[in-house]
Amino acid sequence: MNAQAFIPEINALICGFFVLSAFAMVVVRQIGACLGVFIAQSLLLALSAFVLGASPFSWHLYAVGIVTLLSKVIVIPWLLRRFVPGEIYTLREISQSIDVPTALLIALALALVGFVLGTRLVTAAPLLATQNVIVGLASLLIGALVLAVRREAVPQMLGILAMENAAFLAGIAIAPDFPLIAELAIAFDVPLLAFIVAILTRAVYRRVGSTAVGELAALREHPQ
Amino acid sequence: MSIATTFGLNLLQLAFVVGLAPLFSGIAGRWRENIQGKRGPSIWQPYRDLRKLFAKEDRRSESATWIARFAPYAVCLSPMLVTLLIPVLTDFPLFGAFAGDMLAAGFILGIGGFFLTLAAVDTGVPYGAMGASRTRMVGFLAEPVLIVILFAVSFVANSTIPYIVQQQWVHPPAHFFSPAHVLVLVAFFMLIIAETGRLPVDNPLGHFELAMIEESRVLDFSGRSFALLKWGSAMKMVVLAVVFVNVLFAPWGLATTPVLQALAQAIIAVFIKIVVLLAVLVVVETSFSKLRLFRIAEYLGGAFVVAVTAMIAAVLSP
Amino acid sequence: MILFVAVLLPVLAALWCAFPRSERGAPVVTASFIAASFLLTIWIAACTAARGQVVAVGDWVQVDAFAVVLMLAIATVSFGAAVYSTGYIAHLNPPPQRVRLYYANFSLFIVSMLAISVCVEPGLAWIAVELTTLLSVLLVSFADTPEALEAAWKYMVITLLGATVAVLGVLVLFWAQHAAGGTTFTYAGLAADAHRMNPVLVSAAFALLLIGFGAKIGLFPMHTWLPDAHSQAPAPVCAILSGVETSAVLYVLIRLAATFRAIPAVHADLWFAIFGAASLVAAALLIVQTHDLKRLFAFSTVEHMGIMLLAASITTAAGGIGLVWQMLSHALAKSLCFFAAGGVALVAGTTEIAKLRGLQARAPLVGTMLLIGALAIAGAPPFAVFLSELAIALAAVYAGHVWIAVVLLLFVGIAFAGMMGKVTSVVLGREDVHREIGRLPRSTAVVLVCAAVPVLVLGFWIPGGLAHLFSTAATEMVAP
Chain A
1 MNAQAFIPEI NALICGFFVL SAFAMVVVRQ IGACLGVFIA QSLLLALSAF
51 VLGASPFSWH LYAVGIVTLL SKVIVIPWLL RRFVPGEIYT LREISQSIDV
101 PTALLIALAL ALVGFVLGTR LVTAAPLLAT QNVIVGLASL LIGALVLAVR
151 REAVPQMLGI LAMENAAFLA GIAIAPDFPL IAELAIAFDV PLLAFIVAIL
201 TRAVYRRVGS TAVGELAALR EHPQ
Chain B
225 MSIATTFGLN LLQLAFVVGL APLFSGIAGR WRENIQGKRG PSIWQPYRDL
275 RKLFAKEDRR SESATWIARF APYAVCLSPM LVTLLIPVLT DFPLFGAFAG
325 DMLAAGFILG IGGFFLTLAA VDTGVPYGAM GASRTRMVGF LAEPVLIVIL
375 FAVSFVANST IPYIVQQQWV HPPAHFFSPA HVLVLVAFFM LIIAETGRLP
425 VDNPLGHFEL AMIEESRVLD FSGRSFALLK WGSAMKMVVL AVVFVNVLFA
475 PWGLATTPVL QALAQAIIAV FIKIVVLLAV LVVVETSFSK LRLFRIAEYL
525 GGAFVVAVTA MIAAVLSP
Chain C
543 MILFVAVLLP VLAALWCAFP RSERGAPVVT ASFIAASFLL TIWIAACTAA
593 RGQVVAVGDW VQVDAFAVVL MLAIATVSFG AAVYSTGYIA HLNPPPQRVR
643 LYYANFSLFI VSMLAISVCV EPGLAWIAVE LTTLLSVLLV SFADTPEALE
693 AAWKYMVITL LGATVAVLGV LVLFWAQHAA GGTTFTYAGL AADAHRMNPV
743 LVSAAFALLL IGFGAKIGLF PMHTWLPDAH SQAPAPVCAI LSGVETSAVL
793 YVLIRLAATF RAIPAVHADL WFAIFGAASL VAAALLIVQT HDLKRLFAFS
843 TVEHMGIMLL AASITTAAGG IGLVWQMLSH ALAKSLCFFA AGGVALVAGT
893 TEIAKLRGLQ ARAPLVGTML LIGALAIAGA PPFAVFLSEL AIALAAVYAG
943 HVWIAVVLLL FVGIAFAGMM GKVTSVVLGR EDVHREIGRL PRSTAVVLVC
993 AAVPVLVLGF WIPGGLAHLF STAATEMVAP
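Protein chains in written order, with my numbering: chain A, 1 to 224; chain B, 225 to 542; chain C, 543 to 1022.
Chain A on its own, in the form it takes in the complex (with noise of 0.2 Å):
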């Protein structure tokens, strides 16, 4: 038994790591756990980039991983916790607009149409690893859902981070040699979203007295 064999199967278990940690999102109440989730997902995700890349070996995804290291493991911590009021991280949400058993039912069944679609995108073309399509996908739905259930302004933001980490689990499987966009995106893109994030949370704390960007609803059609 070599070690090759074991590189699917280890690539594997750290898709099924992900798709648990799409769920924690959706499950944890306090912001602080919610930021804790999101920096082991792109650790998982950064992981994955390096099993993946170990063989046949290519600079492209170690890239990638180290990138999604530094911005998301590092970088954007940092900004959140620089640039965001401290006393929201310990915060309990309590004020989502379904329960948390309804959202994981949900979850649930989003998960189901992202593994059905996943899989009938694998079997189209030859890949470097299926379940990193099937979960990326699975995780995507999984992460509209947290940014439709969450009213709090950081657990939306990490909604959102966490699509991007869905999209790129799929895109290191389907695109290992993208041309610089994946390097790029993630290394530019995202850390000025978080910045241009936590800007905007810190306003809206500052401005209205919460982060809770959902009960924000002042515009619509007819004002009363």
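Among these hints, one or two may not hold up.
[Said to hold, decoys possible] The calculated label-pair distances, taken between Cβ atoms and stated as ranges, are:
| # | chain 1 | residue 1 | chain 2 | residue 2 | range |
| --- | --- | --- | --- | --- | --- |
| 1 | A | Ala63 | C | His633 | 45 to 51 Å |
| 2 | A | Val113 | B | Val500 | 54 to 60 Å |
| 3 | A | Val113 | B | Glu286 | 57 to 63 Å |
| 4 | C | Pro741 | A | Val113 | 18 to 24 Å |
| 5 | A | Gln4 | B | Val394 | 17 to 23 Å |
| 6 | A | Val116 | B | Val394 | 25 to 31 Å |
| 7 | A | Val116 | B | His395 | 25 to 31 Å |
| 8 | A | Leu70 | C | Val1020 | 44 to 50 Å |
These are computed hints drawn from the structure, not numbers from a lab.
Only a predicted model underlies this, so the values are computations on that prediction, with no experimental measurement involved.
Built from N, CA and C at the ideal position, the CB exists for glycine as well.
Following the hints, complete the assembly by docking chains B and C onto the known chain A.
Relative to the frame of chain A, chains B and C by itself:
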């Protein structure tokens, strides 16, 4: 291999579970105290408790019927029956191997719980009824998790007979890392915690009747009945632990031939595996606080989601 | 090389704004750099009209006729908005820090939009689209009121969600091309390899890209953020967001359409027509019940995106001409509308329709321009939008899609009635004597008048070079 040998080995397995169950609960109890910075009781304390309880008078409330008398035996017998179905020490099928599958094992364990629930109501103590209803709530939520785990297992192994399942996850060894396997492990671990009434679902050491789930059912038992209940729950714990370590997690170290040396090695290996699992359980238990009653639904909902994901992964894995 | 200069010039303005105490010069510096960029764009357009394309880095950064029309629209509107900002922002009198932030962000935002038009590699184009969102969020929240912050948040969340879906679409497209043995990952390269690609993958990519970019374009039912963001931002930013940003994203989608059309199983044109018609219908019905001038024009943007998507679903060259023409005329007319609405906000302090009456008597310049803008965008003759919409309707009839023409004319008519009913009450209604009327800053007034000129001129006469660009762009679209 003669029937007599396999039957004898089955009895050996039974002896292992029945004899060592109090020791395992003693070890867990001691470590729990150690982690909290206390010295804790001796690991042999459960044996002393049992001896003391067997010697005491068995008092029962006047309104109680035969159910209250019978329940402790049911609680004690059900894990013993399950022991006959699962690979405790050997990895080749024994006398009772094909008498029932994992679903049957779940149901047999359920019979014990069923009688205990009835008995708790039967004694007429309000706490007993309250505990009974709460246990049923946890049970209702835990049942689908078990069923889905079994689905996932059967998709992979094409069987739910424990002796057959245990071989599937490690051949070839790379399969050990397959997502379905890991997710099943996570879900089953969460299930063990809920089924055996441990933190964060229930606090087995709690002394506040209103907050109890499992323990409040046995408040009105004494003497031999109470001893049997304690022993039975310790055995249930060991049986679940054996299913976890031998069938699902690490089916290594079991005896492959019915010779004495292999069996002795197996006993040591299984003992170590269970002790390691206990250590993990104790760490989990001491690092979480108890969930509010209605959050248990979320906890088991999480376990359910993990189990379903495992099943999907098992079905869809190429 | 000239492409890089034209696109990246405004970065210098942003750098200038990074220095402390640069707020006094920031408006002029920004406007002049963007003006330089605008002039270069005209030159690039002339070169493209003469030579067919201008290449900076082959297969990565280059423009052809279609791209250059978009670039022209972006540069023109941006130039107008930059000059307009000098008076408008000063009139709001924000703290110096915010002035610098505004102009720096503004310049970078324009760079990101110009970048969309010059990138022919879908991955780069995606990055540019994502950057337009990121760089404009803080412009939308510029007013720093709870409403503006809400609008900015919705805008950011929904469009970034779309961008995330779209990036997966781009990756799947790359995968499909590589699995089919193609290597040139550009719009043209994709279209060339399209017939060899796996239909399942292309369908998936199409769905992901239509949903992803559709959210950013503001297609129904993903339009909910658009009226909020496009009404809460400062008027010059609204003009850019509504006038060219949405079209620029639509441009990326239409550029990829040739790839999707190559595979009949995808039904790209059908989906374009469905989403286009839905957006047009929904927006026309929403226009009737808006209560705010800027929201009115924002819904009109949803309507026009629907019209352009309908035009894209007509695969003839005539449809292509209509589409490109509509893109340019919409950009010019819509920016005029928002400049006028900004003028209303400055002189009357509000844009709520119910509170505005008889603007014509108190502020004749703003009133007239508002009326002209509304007429132009609603599609009245003799303005540019009228001609382009007519061209699309005719193209639909000639191509055999009569229902497109019917839907188009019917709902453009409804939108016209709804919009004119509101705007005429604002402009011509009985005079409201209690209202304080302020003065319009000079630069704002100048831009307001100048912005009306091309809208009117293009309604009568299209310069030969531009007409040539239109027809070249249309043939590029049909047969890349």
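Verification of the supplied hints:
For Ala63 of chain A and His633 of chain C, the Cβ-Cβ distance of about 48 Å falls inside the hinted range of 45 to 51 Å, so the restraint holds. For the pair Val113 of chain A and Val500 of chain B, the beta carbons lie near 39 Å from each other, so the given range of 54 to 60 Å is not met. Separation of Val113 of chain A from Glu286 of chain B is about 59 Å and conforms to the stated range, judged on CB atoms against 57 to 63 Å. The given range of 18 to 24 Å is respected by Pro741 of chain C and Val113 of chain A, whose C-beta atoms sit roughly 20 Å from each other.
One distance hint, 17 to 23 Å for the beta-carbon pair Gln4 of chain A and Val394 of chain B, holds here, with the actual separation near 18 Å. Look at Val116 of chain A against Val394 of chain B: about 29 Å separates their beta carbons, and that is inside 25 to 31 Å. A beta carbon spacing of about 29 Å between Val116 of chain A and His395 of chain B agrees with the range 25 to 31 Å that was offered as a hint. Take Leu70 of chain A and Val1020 of chain C: their Cβ atoms lie about 45 Å apart, and the range 44 to 50 Å holds.
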